[in-house]
Amino acid sequence: MKKLLLTALIAALFTLPSTADAAQGWGLINEEIVRFDAKVVDVLCELTGNCPDNCGGGKRQLGLIDASGKLIPVFKNAVAFAGGAAELIDFCGKTVTADGLFTTNRETTIFALQFIREAPDGKWRKANRFLNRWAETNGVAVNSNMAKSWFRNDPRVKALIAAQGKIGLGPGVLPVE
Amino acid sequence: MKSIVGTIFGAMLTLALGAGTAAVERVTVTGEVIDTWCYLSEIMFPLGTAHHQCAIWCAAGGIPVGLLDEDERVYIILSIENDSDNVANPTMLEIQSHQVTVEGEVFERDGITYLTIDKLVNDEGVVNRTADAYGIQPFGE
Chain A
17 MKKLLLTALI AALFTLPSTA DAAQGWGLIN EEIVRFDAKV VDVLCELTGN
67 CPDNCGGGKR QLGLIDASGK LIPVFKNAVA FAGGAAELID FCGKTVTADG
117 LFTTNRETTI FALQFIREAP DGKWRKANRF LNRWAETNGV AVNSNMAKSW
167 FRNDPRVKAL IAAQGKIGLG PGVLPVE
Chain Z
-1 MKSIVGTIFG AMLTLALGAG TAAVERVTVT GEVIDTWCYL SEIMFPLGTA
49 HHQCAIWCAA GGIPVGLLDE DERVYIILSI ENDSDNVANP TMLEIQSHQV
99 TVEGEVFERD GITYLTIDKL VNDEGVVNRT ADAYGIQPFG E
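First to last, the sequence lines map onto chains A and Z.
According to the numbering used here, the first sequence is numbered sequentially starting from 17.
According to the numbering used here, the second sequence is numbered sequentially starting from -1.
Extracted from the complex, chain Z is given alone in its bound form (with noise of 0.2 Å):
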C-alpha cells in the first residue's frame, strides 16, 4: 500500500514540476566568490588574487558570478539578500574572490546549478592567494 501511494505521489509530483522544472534545496555553502566564464572554459587561470580584477571585470561586463565550494561544485548567483538583479550586482562585486558562507536556495537544471542567495553569513575577504605563482591574470598588470 506504502509503495502504491508512493508511487502514485510521484507521478503526481512529476506531472505538478513538468519537464525543465529545477529541482529546489535548501543549503549552506561556503566557497571562493569566482567568474565563472573563466573557470569553466579555462581561458586564463581563474582564482583568487591572480584573477581579482579579472573577475570584477567580468562582473562589470555581466557575466554570471559564481561560488566555488569546497567539492567544486559551481553555483551561479541569481540573487543576493533579496537583490534580483543578477547583472553587474554592486554586492557581487565587492565580493569576488572573497572566501564567503551564505545560506539560500539551490535549484538544478539541465546540468547548471543555480543560488539564490539569502543571507551572507560570513565573508572572509580574499583568503586564496595565486598572484605570487600566477601574476595578475591575464594581462601581467
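Excised from the complex, chain A in its bound form (with noise of 0.2 Å):
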C-alpha cells in the first residue's frame, strides 16, 4: 500500500495537468521557477566542435543558450524518471521559450524542463514527448499502465536488471534488512 502511495505520489508529480501551461514547483532544494528564451543547442558540439546534423537526432544531450550566451544543459523534462533530449531535438537550432525550473545544490545550478513552445509565439507542448516516443516504440498507448510505468516496463532496463540484480550485485541479491 505505501509502495502504491509513493508511486501515484511520484507519477503525479510530473503527470498533473497545467491549464496555465506554467511550471509547477517541485519542492527542490533552492528552486526558481522560471521562463526565457533561449537557442537549442548539442552540448557536446557546442563544446568540442563535434557536430553532427539535426543536434544528433535526439541521440545526444541538448541544452539552451540563454540571451547573455549562457550554456544551460536541460537534466530534466515531466515524465519520471526522464531527461530533455525528447523536448528539445524538435528545435535544434531554433530559438524557443522554455518554462521549468532552476535548482541550486553543491553550488551547481541545473534546469529541469516543464514546458515549451518556439519563440516568440508556437504553440505551448508540455516536455512530455519522450513518453509519446516510448510508447510508440514499444507498440503501447501512451495512457497505459505500461507507459506510466516506462521505467519498470523498458526491455532494456529488464534486461539489465535481470543481469545486475536490483542493487547491482547480482541477480536476486537485496539489500540485508
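Simulated from the structure, these hints should not be mistaken for lab results.
Predicted, not measured: the structure shown is a model, and the values here were computed from it.
Among these hints, one or two may not hold up.
Claimed, not checked - Quick partial rundown of chain A residues pointing at chain Z, CB under 10 Å, derived from the structure:
#1 ALA38
#2 TRP42
#3 ASN66
#4 VAL95
#5 ALA98
#6 ARG122
#7 GLU123
Claimed, not checked - In the SDA-like style, the derived pairs of lysine to any residue whose C-alpha atoms are separated by at most 20 Å in a straight line are:
#8 A/LYS86 with Z/VAL22
#9 A/LYS174 with A/ALA151
#10 A/LYS174 with Z/GLU92
#11 A/LYS164 with Z/GLU139
#12 A/LYS75 with Z/GLU92
#13 A/LYS75 with Z/SER82
#14 A/LYS174 with Z/PRO88
#15 A/LYS55 with Z/ARG107
#16 A/LYS86 with Z/GLU106
#17 A/LYS174 with Z/LEU91
#18 A/LYS75 with Z/GLU79
#19 Z/LYS117 with A/THR64
#20 A/LYS75 with Z/PRO88
#21 A/LYS164 with Z/LYS117
#22 A/LYS174 with Z/ILE134
#23 A/LYS174 with Z/GLY138
#24 A/LYS75 with Z/LEU91
#25 A/LYS86 with Z/THR111
#26 A/LYS174 with Z/GLU139
#27 A/LYS142 with A/CYS108
#28 A/LYS75 with Z/THR89
#29 A/LYS142 with A/LYS174
#30 A/LYS75 with Z/GLY109
#31 A/LYS86 with Z/GLU92
#32 A/LYS164 with Z/PHE137
#33 A/LYS75 with Z/GLY138
#34 A/LYS174 with Z/ASP116
#35 A/LYS86 with Z/GLY109
#36 A/LYS86 with Z/LYS117
#37 A/LYS174 with Z/PHE137
#38 A/LYS75 with Z/GLU139
#39 A/LYS86 with Z/ARG107
All C-beta atoms, glycine included, are put in the ideal place defined by N, C-alpha and C.
Could you use the hints to bring the two separately framed chains together as a complex?
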C-alpha cells in the first residue's frame, strides 16, 4: 500500500495537468520557477566542435543558450525518470521559450524543463514527448499503465536489471533487512 | 618585456576563445558513475547500491550520466570511448553505480563540468554498498 501511494505521488508530480502551461514547483532545493528565451544546441557540439546534423537526432544531450550566452544543459523533463533531449530535438538550432525550474545545490544550478514553445509565439507543449516516443516504440498507448511505468517496463532496463540485480550486486541480491 | 608578451598572448587567447567558450583540461579521474539529476537535486538518496536501479532508469530515460570523484566534483559525461551518443548510451547504462577510472578531457563552462571519456581504464564494479542502510530507492523494491 505504501509503495502504491509513493508510486502514485511520484507519477502525479510529473503528470498533473496544468491549465496555465506554466511551470509548477516541485519542492526542490533552492528552486526557482523561470521562463526564458534561448537557442537549442547540442552540448557536445557547443563544447568541442563535434557537430552532427540535427543535433544528433535525439541521441545527444541538448541544452539552451540564453540571451547572455550562458549554456544551460537540460537535465530533466516532465516525465518521471526522463531527461530533456526528446523534448528539445524538434527545436534544434531554433529559439524557444523554455518554462521550468532551476534548482541550485552543491554549488551547481541545473534545469528541469516543464513546457516549451518555439519563440516568440509558438504553441506551448508540455515537456512529455519522451513518453509519446517510448509508447510508440513499444507499441502501447501513451495513457496505458505500461507507459506510465515506462521505467519498469522498458525492455532494455528489464534486461539490465535481470542481469545485474536491483542493487547491482547480481541477480536476486537484495539489501539485508 | 616578458610581461608584455604575456599580456598580449592573454588578450589574443581571450579573443580566440570568445565569451562562453569552454576551458579544456586533460585528466585521469576515479569515481562513481552517478545519475546527475538525483544527486544534484537530492530528491532521494542518490548513491551506490541503494540507487542502482533508479540510476539505470534515469540513464535509460536520457538524464545525463555523471562521474562523482573523490573530491565530490561532478562531471557530466558527454562521450565514452569515442561514442558520442550520450543519451541512454548502452555503455553508460552498463556501468551505472560502478567505481571507475577514466581518461579524457574536461570542459568547464558556466559553472558545469563536462567530461569526454577516451578510455575506461579500470572498472571495479559496484563497490558503494549503501542499500543495507538506505534500502532500494525510491520505492523500496
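Take the C-alpha atoms of A/LYS75 and Z/SER82, compute the straight-line distance between them, and say whether it is at most 20 Å. Between A/LYS75 and Z/SER82 the Cα gap is close to 8 Å, so the pair holds against 20 Å.
Measure nothing beyond the straight line between the CA atoms of A/LYS75 and Z/GLU139; if it is 20 Å or shorter, mark the hint as holding. This hinted pair is violated, its Cα atoms lying about 30 Å apart.
Would you mind confirming whether the straight-line C-alpha gap from A/LYS142 to A/CYS108 stays at or under 20 Å? holds, 17 Å
Agreement of A/LYS86 and Z/ARG107 with the hint, judged by alpha carbon distance not exceeding 20 Å: Holds, because 8 Å separates the two Cα atoms, which is no more than 20 Å.
Holds or violated: are the alpha carbons of A/LYS86 and Z/VAL22 at most 20 Å from each other? Satisfied, since the Cα-Cα distance of roughly 17 Å is no more than 20 Å.
Holds or violated: are the alpha carbons of A/LYS75 and Z/PRO88 at most 20 Å from each other? Holds: A/LYS75 and Z/PRO88 sit about 11 Å apart, inside 20 Å.
Assess, step by step, whether the Cα of A/LYS75 is no farther than 20 Å from the Cα of Z/LEU91, and give holds or violated. holds, 14 Å
Between Z/LYS117 and A/THR64, does the CA-CA distance stay at or below 20 Å? Measuring from Cα to Cα gives roughly 17 Å; hence the hint holds.
20 Å limit on alpha-carbon distance, applied to hinted pair A/LYS174 and Z/LEU91: Holds: A/LYS174 and Z/LEU91 sit about 12 Å apart, inside 20 Å.
Has the given pair, A/LYS174 with Z/GLU92, been kept, meaning a C-alpha gap of at most 20 Å? holds, 12 Å
Are the Cα positions of A/LYS164 and Z/PHE137 separated by 20 Å at most? holds, 15 Å
Pairwise hint evaluation, Z/ARG107 against A/LYS55, where the allowed Cα distance is 20 Å at most: It holds: about 16 Å lies between the C-alpha atoms, which stays within 20 Å.
When each numbered hint is compared with the structure, violations occur for hints 1, 21, 29, 30, 31, 33, 34, 36, 38.
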